[in-house]
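With chain A held as given, fit chains B and C onto it using these hints.
Residue numbers (the working numbering), protein chains in the order written: chain A, 3 to 251; chain B, 473 to 699; chain C, 115 to 758.
These are calculated hints, taken from the structure and not from any lab test. Quick caveat: nothing in here was measured; it's all calculated off a predicted structure. All residues carry an ideal CB built from backbone N, CA and C; glycine is no exception. Be careful, since some hints might not be right.
To be verified - No more than 20 Å apart at the CA atoms, straight line, and that leaves these computed lysine-lysine pairs for PhoX-like:
1. Lys-367(C) x Lys-145(C)
2. Lys-667(B) x Lys-171(A)
3. Lys-145(C) x Lys-120(C)
4. Lys-598(C) x Lys-609(C)
5. Lys-106(A) x Lys-667(B)
6. Lys-730(C) x Lys-216(C)
7. Lys-49(A) x Lys-676(C)
8. Lys-171(A) x Lys-598(B)
9. Lys-570(B) x Lys-8(A)
10. Lys-148(A) x Lys-667(B)
11. Lys-614(C) x Lys-49(A)
12. Lys-598(C) x Lys-298(C)
13. Lys-730(C) x Lys-742(C)
14. Lys-314(C) x Lys-588(C)
15. Lys-559(B) x Lys-106(A)
16. Lys-478(B) x Lys-197(A)
17. Lys-120(C) x Lys-132(C)
18. Lys-171(A) x Lys-559(B)
19. Lys-676(C) x Lys-624(C)
20. Lys-134(C) x Lys-236(C)
21. Lys-484(C) x Lys-430(C)
22. Lys-617(C) x Lys-49(A)
23. Lys-236(C) x Lys-314(C)
24. Lys-624(C) x Lys-598(C)
25. Lys-22(A) x Lys-8(A)
26. Lys-145(C) x Lys-588(C)
27. Lys-559(B) x Lys-202(A)
28. Lys-676(C) x Lys-654(C)
29. Lys-132(C) x Lys-236(C)
30. Lys-13(A) x Lys-676(C)
What the hints assert, rightly or not - Simulated restraints on C-beta separations:
31. Gln-80(A) x Ser-698(B): 40 to 48 Å
32. Thr-471(C) x Gln-80(A): 24 to 32 Å
33. Gln-80(A) x Val-564(B): 23 to 31 Å
34. Arg-485(C) x Asn-142(A): 43 to 51 Å
35. Thr-587(B) x Gln-80(A): 30 to 38 Å
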Amino acid sequence: MNLTLKIWRQKNNSDKGGFKDYKLGGISKDMSFLEMLDVLNEELSAKGEDPVHFDHDCREGICGMCSLYINGKPHGPQQTTTCQLHMRSFSDGETITIEPWRAKAFPVLKDLVTDRSAFDRIIQAGGYVSVNTGGVPDANEIPIPKTIADMAMDAAQCIGCGACVAACKNASAMLFTSAKVSQLALLPQGQVERKTRAEKMVAQMDAEGFGACTNTGACEAECPKGISITNIARMNREYFSAVVSSQNV
Amino acid sequence: MSWVSKTLSSTLGRKLLMALTGLFLILFLVVHLIGNLQLLLPDNGESFNLYADSMAHNPLIRVVSIGNFAFILLHVIYSIILSKHNKNSRPVDYAVSKASTSSTWSSRNMGILGTVILIFLLVHLKGFYYEIKFGEMPMVDYEGVTYKNVFAIVAAAYSNVLYVVFYVIAMGFLGFHLSHGFSSAFQTLGLNHVKYSPLIQKVGFGFAIVVPALFALIPIMMYIQSL
Amino acid sequence: MILDSKIPEGPLAEKWTKHKFNVKLVNPANKRKYDVIVVGTGLAGASAAASLAELGYNVKAFCFQDSPRRAHSIAAQGGINAAKNYQNDGDSVYRLFYDTVKGGDYRAREANVYRLAEVSVKIIDQCVAQGVPFAREYGGLLANRSFGGAQVSRTFYARGQTGQQLLLGAYSALSRQVANGKVKLYPRTEMMDVVTIDGKARGIITRNLITGAIESHSAHAVLLCTGGYGNVFFLSTNAMGSNVTAAWRAHKKGALMANPCFTQIHPTCIPVSGDHQSKLTLMSESLRNDGRVWVPATQETAEKLRKGQIKANDIKEEDRDYFLERKYPSFGNLVPRDVASRNAKYVCDEGRGVNETGEAVFLDFRDAIKRDGKDIISAKYGNLFDMYQQITGENPYEMPMMIYPAVHYTMGGLWVDYNLMTNVPGLYALGEANFSDHGANRLGASALMQGLADGYFVIPYTIGDYLAQNPAGKIGTDHPEFQKAEKEIKDRIQKLLSIKGQKTIDHFHKRLGKIMWDYCGMARTEEGLKKAKAMIKELKAEFWSNVNVLGDNEELNQSLEKAHRVADFIELGELMVDDALNRNESCGGHFREEYQTPEGEALRDDENFAYVAAWKYLGEGQEEELVKEPLIFENVKLTQRSYK
Numbered sequence: 003m004n005l006t007l008k009i010w011r012q013k014n015n016s017d018k019g020g021f022k023d024y025k026l027g028g029i030s031k032d033m034s035f036l037e038m039l040d041v042l043n044e045e046l047s048a049k050g051e052d053p054v055h056f057d058h059d060c061r062e063g064i065c066g067m068c069s070l071y072i073n074g075k076p077h078g079p080q081q082t083t084t085c086q087l088h089m090r091s092f093s094d095g096e097t098i099t100i101e102p103w104r105a106k107a108f109p110v111l112k113d114l115v116t117d118r119s120a121f122d123r124i125i126q127a128g129g130y131v132s133v134n135t136g137g138v139p140d141a142n143e144i145p146i147p148k149t150i151a152d153m154a155m156d157a158a159q160c161i162g163c164g165a166c167v168a169a170c171k172n173a174s175a176m177l178f179t180s181a182k183v184s185q186l187a188l189l190p191q192g193q194v195e196r197k198t199r200a201e202k203m204v205a206q207m208d209a210e211g212f213g214a215c216t217n218t219g220a221c222e223a224e225c226p227k228g229i230s231i232t233n234i235a236r237m238n239r240e241y242f243s244a245v246v247s248s249q250n251v
Numbered sequence: 473m474s475w476v477s478k479t480l481s482s483t484l485g486r487k488l489l490m491a492l493t494g495l496f497l498i499l500f501l502v503v504h505l506i507g508n509l510q511l512l513l514p515d516n517g518e519s520f521n522l523y524a525d526s527m528a529h530n531p532l533i534r535v536v537s538i539g540n541f542a543f544i545l546l547h548v549i550y551s552i553i554l555s556k557h558n559k560n561s562r563p564v565d566y567a568v569s570k571a572s573t574s575s576t577w578s579s580r581n582m583g584i585l586g587t588v589i590l591i592f593l594l595v596h597l598k599g600f601y602y603e604i605k606f607g608e609m610p611m612v613d614y615e616g617v618t619y620k621n622v623f624a625i626v627a628a629a630y631s632n633v634l635y636v637v638f639y640v641i642a643m644g645f646l647g648f649h650l651s652h653g654f655s656s657a658f659q660t661l662g663l664n665h666v667k668y669s670p671l672i673q674k675v676g677f678g679f680a681i682v683v684p685a686l687f688a689l690i691p692i693m694m695y696i697q698s699l
Numbered sequence: 115m116i117l118d119s120k121i122p123e124g125p126l127a128e129k130w131t132k133h134k135f136n137v138k139l140v141n142p143a144n145k146r147k148y149d150v151i152v153v154g155t156g157l158a159g160a161s162a163a164a165s166l167a168e169l170g171y172n173v174k175a176f177c178f179q180d181s182p183r184r185a186h187s188i189a190a191q192g193g194i195n196a197a198k199n200y201q202n203d204g205d206s207v208y209r210l211f212y213d214t215v216k217g218g219d220y221r222a223r224e225a226n227v228y229r230l231a232e233v234s235v236k237i238i239d240q241c242v243a244q245g246v247p248f249a250r251e252y253g254g255l256l257a258n259r260s261f262g263g264a265q266v267s268r269t270f271y272a273r274g275q276t277g278q279q280l281l282l283g284a285y286s287a288l289s290r291q292v293a294n295g296k297v298k299l300y301p302r303t304e305m306m307d308v309v310t311i312d313g314k315a316r317g318i319i320t321r322n323l324i325t326g327a328i329e330s331h332s333a334h335a336v337l338l339c340t341g342g343y344g345n346v347f348f349l350s351t352n353a354m355g356s357n358v359t360a361a362w363r364a365h366k367k368g369a370l371m372a373n374p375c376f377t378q379i380h381p382t383c384i385p386v387s388g389d390h391q392s393k394l395t396l397m398s399e400s401l402r403n404d405g406r407v408w409v410p411a412t413q414e415t416a417e418k419l420r421k422g423q424i425k426a427n428d429i430k431e432e433d434r435d436y437f438l439e440r441k442y443p444s445f446g447n448l449v450p451r452d453v454a455s456r457n458a459k460y461v462c463d464e465g466r467g468v469n470e471t472g473e474a475v476f477l478d479f480r481d482a483i484k485r486d487g488k489d490i491i492s493a494k495y496g497n498l499f500d501m502y503q504q505i506t507g508e509n510p511y512e513m514p515m516m517i518y519p520a521v522h523y524t525m526g527g528l529w530v531d532y533n534l535m536t537n538v539p540g541l542y543a544l545g546e547a548n549f550s551d552h553g554a555n556r557l558g559a560s561a562l563m564q565g566l567a568d569g570y571f572v573i574p575y576t577i578g579d580y581l582a583q584n585p586a587g588k589i590g591t592d593h594p595e596f597q598k599a600e601k602e603i604k605d606r607i608q609k610l611l612s613i614k615g616q617k618t619i620d621h622f623h624k625r626l627g628k629i630m631w632d633y634c635g636m637a638r639t640e641e642g643l644k645k646a647k648a649m650i651k652e653l654k655a656e657f658w659s660n661v662n663v664l665g666d667n668e669e670l671n672q673s674l675e676k677a678h679r680v681a682d683f684i685e686l687g688e689l690m691v692d693d694a695l696n697r698n699e700s701c702g703g704h705f706r707e708e709y710q711t712p713e714g715e716a717l718r719d720d721e722n723f724a725y726v727a728a729w730k731y732l733g734e735g736q737e738e739e740l741v742k743e744p745l746i747f748e749n750v751k752l753t754q755r756s757y758k
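One chain only, chain A, in its complex shape (with noise of 0.2 Å):
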């Protein structure tokens, strides 16, 4: 496969940044989207230009730290990682538009790398439950329904790229949020600390920068792990009960 590869440079924060247009050859169908930019980079490297700089580690889908904006959508034609999408979903001779994910909370740090640190400080608001190590009960002390169980497991889910806040056009972190939230909000464990956690989450979330819902659906449809919306609802009604009923004035 042959292609053309326009993609977004910038030498650090402060930086501008623009595209940079690559001709890139020899590249097979079975090679991942991430082996296609190794082979960019080794050629540039060769040449003694700076390679291109992007987020990525485990490469099975599952850590959450690549994120390519890939042709108008986040993680590119497919619903995965971009480490899971191979070069079979893109034609021989298509000109392909890498460009980070785009958010104020999001700062680009180097061409495709950005800052996510802002949904780290989201669960230090509140995406955990206060106990610590040792002087929990058994855990089968605890019954939890199946379904109540695959429930909080379908939240719990998300790896944290972020591709929620790239796809969504108000760059906004509901779904990322919610997902922690309900499945919190879901367990027994959790009940504890339900109304601080969603009003302490939300506000943290505010508070990044990010922007409000609108409902478009486009995070559920580009989540790599299918984090449905229905957990946005769920923040909604766990915040919404929470400010009027939880004794923090």
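Relative to the frame of chain A, chains B and C by itself:
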């Protein structure tokens, strides 16, 4: 900040206001439509004029109408605040975007749709509401009592083809606005359930077609009658 | 040099309890006066950082990824073992202990393994309390499955994403402590060196991966929870960033590296498809519960298959060789990983391998789908099947999957005593980074168990013993040792950047990987290992004279990051070869062709090699010194492993 203002300045709080005001306006559309459909009764406007009169003198309706204006205003103001916030959340836009593969056009353009509807609303209020309230009105007698002949004003307006076309197009925009807004309001309120959401979706879709269509039918019919 | 493993006296089952009583405690009010550095935020690191912060210590947590949640523990699929015996099928702490020691081919410490089995039950309690959504039965209680050759169902799981859920649990506990101000987080920060003062670990030198800033961090204790070094093979199931640098720098500062040649080759990975391959993808071993492993019975059929003249489904039952079921009737497809991997290699070496490369065997679900129906199989393995299809473009519901072994886990690592402390006082190693619990081969679903055991339930006790004997109070970073270490790192960076040679970093990494895979992989010979050693020496010299590292230090520079890591992998590779050469026996993942039974099984030499081979760094260019820690088995009888 008190918890109330804190909540109402959060993105979720703002969306809650959008949803609640939106749902109220949806309800208003139904009431308004039922009243207006009387324009099509073959009684030369009598029932419509009587209805208009009763609306103007019912204290409850007057309170509701003030509320209605307030809600429209809130809906507009909060949409501006939210749109501005949302725009700021992505300072640099994508060069290539295939948003159409993952969401509907109307859901992404509620602001544009809403703006057109707002313009329509202003014209609509100027043409009817303002005229009826403050303008010089033709009068009509029914069983010895004199009423404002609102029907005459409407009929005159709807004999103008440009006005009718404008009206019909605006209703199209309303339809698209509702096609997302109706179910979206429920989602924002957290009312998403595997059993009921499909129904809400269907009702919302039907509502977005039927209500604007009936609204549009009135000027069309009246224009035809005026020929 | 004599290594003191500090194994407590007394009967096996009482050692840990007694030890917990005997260790010194740090007064609750004093804990806030101690600083602890935790490098790595995987299961071991995140759980340790959170637990120590909960106790009151001031923790600094470092990771090279952009978030602690991305550590490679997240990719573990199958599950986590615990001796809960919820299934009433005869499991017990002793049985888990016994299985682990036996599975490790008797090259692990009894006391450590017993403790691991003992605390395993608490891990499940802890994770459930955190909200980890383990699989449940309809009655609401926890579900279990049998895994990786175990005869009991003791594995807890969360679909095919157990590692993810456990890590997110530990990450949430860590995040809570960040919010409490007890943990300071340093993401996108790589540890470059350990700083020792008067023989004790007193801090680390880091490089900020965004700005390139070289910084010193001091602490009363340093915990290395930096995972394994499987990427020395270039192709492995490890994440692209997984590296040995932290452990290797510690090694060069005096910490012994134990059993480095013990590498686990996982049998069920997606085969290599071409030279472009950047990493290998593991599919959970649980697939072997229902999938049947086979190759064509004859070379001719295999040949036709490779050429695409016939399809797998065309091959009749009698022309298939279900080689694991044939050779190991009682364990069948569920033999331990090393046995399964080696046998796959054998049949491929015989020319019966499939795939275009001839380096793959089938894992067939045809019979399972016939027996249970597609829905049941899909419910169990749906996500794995999807992943397989995504990568290979083939539908495993219709065509048998193809698998081949790949490097997956390293049992070897930094030598630690019973307290998880290396021989450098104040320097600890947890999780895969240490060598302690899995001997020469790790059982499935035991890595998650060990990482969390070390972090949640061992280090919070044992670190107190050391800290209580060391004065509290701030340690500054103005000591000359910090400046010296910083300078060394800066010099090394300058050196790397100034070589400006002809070859890329990956070029060297790939070459190293090939040497390691060919000569120090699934099967090793003295001759091959000697050859490998010479090749690695050559490679090292070439690297330092001809590598091309682009860019500057003062920026986000992935080439420079990689260069550091590959340089350390090359040195480690040589030590692995030394270790493999020294161990004149076959055990677990270490298979020396010279030492095998007539049936081709690993032949241990308990008389001469029942010891931990710990290696001491003596200086640049010098051969490392072997220090032996004898392994004493008081509770289990050493037998030839048999899965027939």
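Verification of the hints:
Only pairs whose Cα atoms come within 20 Å are accepted, and Lys-367(C) paired with Lys-145(C) is rejected, the gap being roughly 27 Å. Restraint check: the Cα-Cα separation between Lys-667(B) and Lys-171(A) comes to about 29 Å, which exceeds 20 Å; the hinted pair is violated. Between the alpha carbons of Lys-145(C) and Lys-120(C) the distance comes to roughly 24 Å, so the proposed pair goes past 20 Å and is violated. Using a Cα cut-off of 20 Å, the hinted pair Lys-598(C) and Lys-609(C) holds, with the two alpha carbons roughly 16 Å apart.
Proposed proximity of Lys-106(A) and Lys-667(B) is contradicted: the alpha carbons are some 37 Å apart, above 20 Å. This hinted pair does not check out: Lys-730(C) and Lys-216(C) have alpha carbons roughly 28 Å apart, beyond 20 Å. Between Lys-49(A) and Lys-676(C) the alpha-carbon distance is near 18 Å, which keeps this suggested pair within the 20 Å criterion. Pair hint Lys-171(A) plus Lys-598(B) does not hold up; C-alpha atoms about 35 Å apart against a cutoff of 20 Å.
A C-alpha spacing of about 16 Å is found between Lys-570(B) and Lys-8(A), which places the hinted pair at or below 20 Å, so the restraint holds. A distance of roughly 19 Å separates the Cα atoms of Lys-148(A) and Lys-667(B); the hinted pair therefore holds under the 20 Å criterion. For the suggested pair Lys-614(C) and Lys-49(A), the alpha carbons sit about 12 Å apart, so the restraint of at most 20 Å is met. Proposed proximity of Lys-598(C) and Lys-298(C) is contradicted: the alpha carbons are some 25 Å apart, above 20 Å.
Restraint check for Lys-730(C) and Lys-742(C): satisfied, since their Cα atoms lie roughly 11 Å apart, inside the 20 Å limit. With a CA separation close to 15 Å, the supplied pair Lys-314(C) and Lys-588(C) stays within the 20 Å bound. Of the supplied pair hints, the one linking Lys-559(B) and Lys-106(A) holds, its CA atoms being roughly 10 Å apart against a limit of 20 Å. Restraint check for Lys-478(B) and Lys-197(A): the C-alpha separation of about 15 Å stays at or below 20 Å, so the hint holds.
Under the criterion of a C-alpha separation no larger than 20 Å, the hint pairing Lys-120(C) with Lys-132(C) is consistent with the structure, at around 13 Å. Annotation: proposed proximity of Lys-171(A) to Lys-559(B) holds, straight-line Cα distance about 9 Å (limit 20 Å). Annotation: proposed proximity of Lys-676(C) to Lys-624(C) holds, straight-line Cα distance about 12 Å (limit 20 Å). Pair hint Lys-134(C) plus Lys-236(C) holds up; C-alpha atoms about 15 Å apart against a cutoff of 20 Å.
For the hint linking Lys-484(C) to Lys-430(C), the alpha-carbon distance of about 16 Å falls within 20 Å, and the restraint holds. With a CA separation close to 10 Å, the supplied pair Lys-617(C) and Lys-49(A) stays within the 20 Å bound. Between the alpha carbons of Lys-236(C) and Lys-314(C) the distance comes to roughly 32 Å, so the proposed pair goes past 20 Å and is violated. Between Lys-624(C) and Lys-598(C) the alpha-carbon distance is near 33 Å, which puts this suggested pair outside the 20 Å criterion.
Note on Lys-22(A) and Lys-8(A): the hinted pairing holds, with a Cα-Cα distance of about 6 Å set against a maximum of 20 Å. For the given pair, Lys-145(C) sits about 12 Å from Lys-588(C) by alpha-carbon distance, which is consistent with the 20 Å threshold. About 24 Å separates the Cα atoms of Lys-559(B) and Lys-202(A), which puts this hinted pair outside 20 Å; it is violated. Of the supplied pair hints, the one linking Lys-676(C) and Lys-654(C) holds, its CA atoms being roughly 15 Å apart against a limit of 20 Å.
A C-alpha spacing of about 18 Å is found between Lys-132(C) and Lys-236(C), which places the hinted pair at or below 20 Å, so the restraint holds. Of the pairs offered as hints, the one joining Lys-13(A) and Lys-676(C) holds, with about 19 Å between alpha carbons and a cut-off of 20 Å not exceeded. Here the CB-CB span from Gln-80(A) to Ser-698(B) is close to 57 Å, at odds with the stated 40 to 48 Å. The supplied range of 24 to 32 Å is met by Thr-471(C) and Gln-80(A), whose beta-carbon atoms lie about 26 Å from each other.
Checked against the hint of 23 to 31 Å, the pair Gln-80(A) and Val-564(B) passes, with Cβ atoms roughly 25 Å apart. A hinted range of 43 to 51 Å for the beta carbons of Arg-485(C) and Asn-142(A) is inconsistent with their spacing of about 30 Å. Between Thr-587(B) and Gln-80(A) the Cβ separation comes to about 36 Å, which falls inside the hinted range of 30 to 38 Å.
Of the numbered hints listed earlier, those contradicted by the structure are 1, 2, 3, 5, 6, 8, 12, 23, 24, 27, 31, 34.
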